[in-house]
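Counted from 1, the sequence shown has number 153 at position 154 by numbering that gives the first Met the number 0; the numbering is strictly sequential.
There may be inaccurate statements among the hints.
What the hints assert, rightly or not - Quick list of simulated restraints, FRET-style, between CB atoms:
id, residue 1, residue 2, range
1, 14, 110, 16 to 22 Å
2, 171, 112, 17 to 23 Å
3, 268, 232, 39 to 45 Å
4, 193, 257, 26 to 32 Å
5, 144, 112, 21 to 27 Å
What the hints contain is simulated information worked out from the structure, not anything from laboratory work. All values reported here derive from a predicted model rather than from experimental measurement. Just so you know, even glycine gets a beta-carbon here, dropped at the ideal spot from N, CA and C.
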Amino acid sequence: MPRLLPCRRRPAGFSLRLKVLGCYGGQLLGFRLTSFLVNNSILLDAGSPTEALSLEAQHDIRHICLSHTHLDHIKDIAFLADNRSLKRMGGSIQNRTICIHSLAENNRVLRDHFFNEAIWPDFTRIPTMDDPILKLVDMEAEKPFVIDGITITAIRVNHPVPCTGFLVDDGTSQLIYSADTGNTDRLWEIANAQPNLKAVILDCSFPNAYQRLADISGHMTPQGMMQDLQKFTLLGKVPVYLYHMKPETLNIMTAEVEVLDVPHLRMLTQVDELLI
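All chains, please: the whole structure from these sequences, using the hints.
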């Protein structure tokens, strides 16, 4: 069972640390967009790292595992690249490049529609093609890859654009991050097969009254989320942490989740860390 506490250092005995930088599906004052930091150097999505981290902490980031290309998950890649470029110009020789790991179709979208000089400078070619700030690395669903000692496996989920959740495995413990998804099956098949699963981070975006909007946009409500969780054999034993709540309806959703009265089910906040 992971410990959940506000903390800035990884204590002895825990090999996997996930820090919540942002966990909301909308941006208002005090509410940051989706981004999770794993062991200081790996981001799961990049909605808010430059809002949440100091320049020095940003400079430790070497990899971004990108679930999909909706703006709330990619926004701060732009400013992270800009800050890394300035850090280089200041003389830093460490962590020169940030690798973005995503599906090939997502990397094409980034290249064609984001880092295209019209929306943002092409940091995959700056300062040079041989030594860029950003490197786009194609990944394949369900084909594990290792970065900074952590094995990552992408799992396709149900969203209007190509999107993957991630299985994060440090060799001792596993964590599942659903990314943005409606009802899905494969995620739970893989979750149920893990021998040392310690936590699940799961989409729950809208109140129950917004079920049609959730269905159209590829998200979940508390009632839809509970239907999906019936596929999870460790429900009530392994903690499930909810994310992507819309700030405007957070109070309604909080009440709807509380009434479910499911052990080890709760919403994330921006001061949380999972220490596994």
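Exercise. Hint by hint, which ones does this structure get wrong, listed from lowest number up?
Worked result: 1, 2, 3
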